[in-house]
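**Q** Got chain A; can you put chain B on it based on the hints?
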Amino acid sequence: GESVGLHLPTLSVQEGDNSIINCAYSNSASDYFIWYKQESGKGPQFIIDIRSNMDKRQGQRVTVLLNKTVKHLSLQIAATQPGDSAVYFCAENPLSGGYNKLIFGAGTRLAVHP
Amino acid sequence: GAVVSQHPSRVICKSGTSVKIECRSLDFQATTMFWYRQFPKKSLMLMATSNEGSKATYEQGVEKDKFLINHASLTLSTLTVTSAHPEDSSFYICSASVAWAAGRSNEQFFGPGTRLTVL
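So the protein lines, in turn, are chains A and B. Counting in our numbering, the first sequence runs from 1 upward without gaps. Counting in our numbering, the second sequence runs from 1001 upward without gaps.
Because the hints were derived from the structure by calculation, they are not lab data. Incorrect hints may have been included.
As the list claims (entries may be wrong) - Some residues of chain A that are not near chain B, with every Cβ distance over 12 Å (derived):
| no. | residue |
| --- | --- |
| 1 | G43 |
| 2 | Q60 |
| 3 | S74 |
| 4 | H113 |
Stated by the list, open to error - No more than 20 Å apart at the CA atoms, straight line, and that leaves these computed lysine to aspartate or glutamate pairs for EDC-like:
| no. | chain 1 | residue 1 | chain 2 | residue 2 |
| --- | --- | --- | --- | --- |
| 5 | A | K101 | B | E1063 |
| 6 | B | K1055 | B | D1065 |
| 7 | B | K1064 | B | E1087 |
| 8 | B | K1041 | B | D1088 |
| 9 | A | K42 | B | E1022 |
| 10 | B | K1042 | A | D84 |
| 11 | A | K101 | B | E1059 |
| 12 | A | K71 | A | D55 |
| 13 | B | K1020 | B | D1065 |
| 14 | B | K1066 | B | E1087 |
| 15 | B | K1041 | A | E15 |
| 16 | A | K101 | B | E1107 |
| 17 | A | K68 | A | D31 |
| 18 | A | K42 | B | D1088 |
| 19 | A | K71 | A | D49 |
| 20 | B | K1041 | A | E39 |
| 21 | A | K101 | A | D31 |
| 22 | A | K42 | B | E1107 |
What the hints assert, rightly or not - Reference excerpt, derived from the structure (chain B facing chain A, CB under 10 Å, subset only):
| no. | residue |
| --- | --- |
| 23 | L1044 |
| 24 | M1045 |
| 25 | L1046 |
| 26 | G1053 |
| 27 | R1115 |
Since the structure is predicted, the reported quantities are computational estimates derived from the model, not experimental observations. Glycine residues also receive a C-beta, built at the ideal position from the N, C-alpha and C atoms.
Next comes chain A alone, as it looks inside the complex (with noise of 0.2 Å):
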């Protein structure tokens, strides 16, 4: 069935380097593509999406990368700093059911160390 994945469950990273989150999703016909970050007992934080007439769109500190062709996702944080901590969640919009569905990869978790 649909499904979206991603490749890494955990990612330690140092205060002030850089993170890449991905994400592998099945589901060729999808159109839309948001990140979303939660924390701890809260609901889902919008990031950043892309649409996918495109292959890359930047935010603040944050950079989300498509690649069609191969199916993947990135989600990219610049100077990663102590309150980015926390599961990061890609999902995908599929293009059948007439709503905006959303399917949800497995999440993973970015600890950034002092």
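**A** Relative to chain A, chain B alone:
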């Protein structure tokens, strides 16, 4: 803007009782609301999608008689866990979205979640 609230944030109940969780969009009208379930250290699993004034669409494997969803207005959706059992203990999260254009690729705004513990 685009704030979604949930109530209660935490609930503990006895096995066999029913629990109602509210999801509200505070500063916008939500065309569609979604309910997710999340087990510890796991991802969000979509349970159902609801549109105001119509029946919810449940994902495969989700019992609609167990998880009753009501979407009475454009700002309120409720999830009722009926005859709750310990295996229903989980983190329930709702989200709301607005149909900007033809209901496609619209951002979802998430609530803070409700921690349900069934004893």
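**Q** If a hint holds in the structure, say so; if it doesn't, say that too.
**A** Structure-based check of each hint:
1. G43: About 4 Å separates G43 of chain A from the closest Cβ of chain B, which leaves it inside 12 Å; violated.
2. Q60: 17 Å, holds
3. S74: At roughly 18 Å from the nearest Cβ of chain B, S74 of chain A sits farther out than 12 Å, so the non-interface label holds.
4. H113: Consistent with the label, H113 of chain A stays out of reach of chain B, its closest Cβ about 20 Å off (over 12 Å).
5. A:K101 to B:E1063: Holds - the C-alpha atoms of E1063 of chain B and K101 of chain A are around 19 Å apart, at most 20 Å.
6. B:K1055 to B:D1065: Given that 20 Å is the threshold and the Cα spacing comes to 12 Å, the pair holds.
7. B:K1064 to B:E1087: Since the Cα atoms of K1064 of chain B and E1087 of chain B sit roughly 16 Å apart, the hinted pair holds (cutoff 20 Å).
8. B:K1041 to B:D1088: 16 Å, holds
9. A:K42 to B:E1022: 16 Å, holds
10. B:K1042 to A:D84: 19 Å, holds
11. A:K101 to B:E1059: Distance of about 11 Å is within 20 Å: holds.
12. A:K71 to A:D55: Holds. K71 of chain A to D55 of chain A sits at ~11 Å (cutoff 20 Å).
13. B:K1020 to B:D1065: 14 Å, holds
14. B:K1066 to B:E1087: Cα-Cα ~12 Å, so holds.
15. B:K1041 to A:E15: Since the Cα atoms of K1041 of chain B and E15 of chain A sit roughly 24 Å apart, the hinted pair is violated (cutoff 20 Å).
16. A:K101 to B:E1107: 10 Å, holds
17. A:K68 to A:D31: Holds - the C-alpha atoms of D31 of chain A and K68 of chain A are around 10 Å apart, at most 20 Å.
18. A:K42 to B:D1088: 19 Å, holds
19. A:K71 to A:D49: Given pair K71 of chain A, D49 of chain A holds - Cα atoms ~15 Å apart, limit 20 Å.
20. B:K1041 to A:E39: OK: K1041 of chain B and E39 of chain A at ~11 Å, within 20 Å.
21. A:K101 to A:D31: At roughly 12 Å apart (the allowed maximum being 20 Å), D31 of chain A and K101 of chain A satisfy the hint.
22. A:K42 to B:E1107: 18 Å, holds
23. L1044: Check passed: Cβ of L1044 of chain B comes within 5 Å of chain A, closer than 10 Å.
24. M1045: With Cβ-Cβ at 8 Å, under 10 Å, it holds.
25. L1046: Status holds, d = 7 Å.
26. G1053: For G1053 of chain B, the interface hint is violated, since the closest Cβ of chain A sits about 15 Å away, which is over 10 Å.
27. R1115: Where the cut-off is 10 Å and the nearest Cβ of chain A is about 7 Å from R1115 of chain B, the hint holds.
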